[in-house]
Structure formats: structure tokens, C-alpha cells
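Enquirer: This is what each chain is made of:
2 protein chains.
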Amino acid sequence: MTPPNLTSTPCFDDRFRAELDTLLSWRRDVRRFRRDPVPRPLLAEVLQLAQLSPSVGNSQPWRFVEVASPAMRAAVKRNFAECNAEALADQAPTRARLYARLKLEGLDAAPAQLAVFCDHATTQGHGLGAKTMPEALDYSVAAMIAVLWLSARARGLGLGWVSILDPARLSADIGAPGSYKFIAYLCLGWPVEEHEAPELERAGWQERTPLGQYILHV
Amino acid sequence: MTPPNLTSTPCFDDRFRAELDTLLSWRRDVRRFRRDPVPRPLLAEVLQLAQLSPSVGNSQPWRFVEVASPAMRAAVKRNFAECNAEALADQAPTRARLYARLKLEGLDAAPAQLAVFCDHATTQGHGLGAKTMPEALDYSVAAMIAVLWLSARARGLGLGWVSILDPARLSADIGAPGSYKFIAYLCLGWPVEEHEAPELERAGWQERTPLGQYILHV
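From first to last, the protein sequence lines are chains Y and Z.
Numbering-wise (this note's numbering), the first sequence opens with residue 1428 and increments by one.
Numbering-wise (this note's numbering), the second sequence opens with residue 1428 and increments by one.
You may find that some hints are simply not true.
Heads up, the list lumps identical chains together, so a pair's fine if it works in one copy or across two of them.
Listed below are the simulated PhoX-like cross-link pairs for lysine-lysine, each with C-alpha atoms no more than 20 Å apart in a straight line [as the list claims (entries may be wrong)]:
{"#": "1", "residue 1": "1558", "residue 2": "1504"}
{"#": "2", "residue 1": "1608", "residue 2": "1530"}
{"#": "3", "residue 1": "1530", "residue 2": "1504"}
{"#": "4", "residue 1": "1608", "residue 2": "1558"}
{"#": "5", "residue 1": "1558", "residue 2": "1530"}
Keep in mind that the hints were calculated from the coordinates and are not lab data.
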């Protein structure tokens, strides 16, 4: 075991914390993208940083499929359109008109698009931490996406997470191996505009609520 | 809709990005805690920052239960001990001895401990984005934990995520409402030591692997 190397331990200061808090505040789920491409080295850089994310048993179970071909992008858009029509039909009459006006994804314009899976057949980590809670593998992938999101935003890149999709159909369209569980579809690119408040808040769909009411003590 | 307020848009620079990358590198899953308490305002601050995390439909479905009573902490420790004994029994003979030596949690010393749940009965967000993928609610909670983790670490606090637990038993012990799905048990406190490499890597259990082999293109 390597001895602790305390002399080189980083010490974060108030200035850094204030900027980190600004990053968290301005992160946003982006749905309006410019069409200019994301430079390949930049995409590689943020994906590499995401490797530093926590994962159960150090399993790194995330698997990325970059969706670039027009045929596959069209399949994803059809998938979204059908799921979204069903979701609209499900909305209460009082909310349906507002729902129909929401901008929920950037599939048309986002220059980089990634389908993200969790490989439940991975042997990395030797199953540590995933026996009673195999879903911890999925949670590792979701946590990685949060890290990817912040790394991208710190470089000016916006990210949007699309979940209005039929995961079985998307996995079949992409030809994902059977052990791959679909977790998220990510749009990446340069945002058209910047906002500190979430799109769903600005559009009157859902405000943020304070934390207080959600803490119990036992 | 609020117009974009471009004049006050934050611009992150190379110095900030370098410090953010350092934070990601040194984050760590901490299992060795000092026993000094975490100041309540500091705990409140990092939980408040975690509210800025992404969540499907802006649903903020995370619910925190602070576990502080000796009886409840003892129940969590018994839960872990039994699940860990089973996990050890499951290990291949060649790995069992190493598994038995691993330090996997900080339940004895961590001054602050949180059970984190996802409320599947929440109406916040009006179901947006969670019809075809209700598991997106769970992923929102996992992503929130990644943000909480980085916010804590930027303030010198360590966090450890324990998943070697029987979630049904833990939910019953805590008396969680039926709609609450258990996601994670978090230990928080001041780390005894700092490391850039994960504990599981230093102990010879599992090294990190590079990203390259995990990207497919379609």
C-alpha cells in the first residue's frame, strides 16, 4: 500500500469553491445547441475526466456509443417522438398545452450524441459492492454523467440528458450487447444561450423546491 | 420566459479547470474518518449545493435520512456485517483473503451518516421524463450524490458510499415510506489521510482501466 503523500495534498480555497458553486448553479440541461462541431480532442478530454468518477468496486461499468450516422440519429428521433407523444397524451388536460410547448431535447442540432450504457457483465471490480445492490452499477454510471456534465460545462460545452425514450428499442436499434443496460442519451455541443435557471422553471413547468422538508432524522 | 442574461454569464478559465480536474482526481471514496463532528452549517451547505444537481423533470426526488442514534447506527452496522460476510463467502478462493483485508466502509467513525432514498411517489416534475424510464428518478439521485461528493471534497470533507447492504432491511429498519427506494448510504467526515489513487487500487483489488476500449461508434 502506498503511504499517504500528505505533502502534495491539494488544498482548495474560497475562490475555487465560489467558482465551483457558480459552475453548479449554471450547469443546466441544454436543449438548444449551435451546430458547430465539438473538437474531437475536447470530447476525448471530457470523457477522460469522467473516468475519474466514483464507481462501485472501481468497476467503471460505463460504456459509450457515439451516435453519428444519419440513420441511427433518425431512429433515436423517431423513438423520442413516439415516446413524447405518449407522454403528452398522459398529461392532465390542464398541463398538456404547456407540455406540448416545452423544448425537451436537442436531438436535431446537437453535434455530438452519446448513448450511455451500464455493462452488467463486467468482471472489473470482481463484483465488489454489487452483490446485494447490483443497481449500484447503474448508479455509478449516473454519477459519472454528473461528473462529465460539470467537466463539459467548465469548458463551455452544454450537455442535455434525454430520457423520453424506449430503452429496449434504443438498445435494439443500436445493437447493444445483451448485458448492456441503457442508462442515458446525451446531447453535447455549444449552447445557443446561457441561463442560471432551469428551462423547466423558466417555462413555468416546475420550480425548484428547498431542501428543508426532505431531511428526516433517525 | 426570462431572456438570456448573457452579460453575467460566467466564463471559466484554465486555472479553474485545472483545479476542478485536481478535485476530480483527489475525490476518493473515504473509509477512514476522524471522529470530530462535521459542523452543522457545513453539512447544510453541501446538502444545499446538492440541490443544484440535475434531476429529471426538475423533480428533485432525493430524500435524506440522517442516521444518528446509536440503535440505528448499530442496525446499519449489523446489516453491513452480514451482507459483507455473504459477499466474502462468494469470492473466488484466490481473492477471498484479499477481500477480507479490504477496508470497505467507515461506519464506526464517520461522524455524519445519511441514508439516501428516491421518492417514486413524488409529483414534483409532473412525471416529465420518467414515463418510459422511471429509473431516471433513481439516476437523478445518483447524479446528485456525485455533486454532493465534489462539493464536500472542495471543503475538505470526505465521503464514502456504502452499497454492501440489504436495501429492503435498511428501509424497514429506518421506517422509510413505501414509495422511498433506497439508493445509497453515505458516510461523511474529515478524512484521516488523503490519496490520489483509489483505496481498491492501492490494496491491489482493482486498477483503473483506460477509456479507449469502451467507445463504439454507430
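Enquirer: Would you pick out the hints that fail for this structure and give their numbers low to high?
Expert: 2
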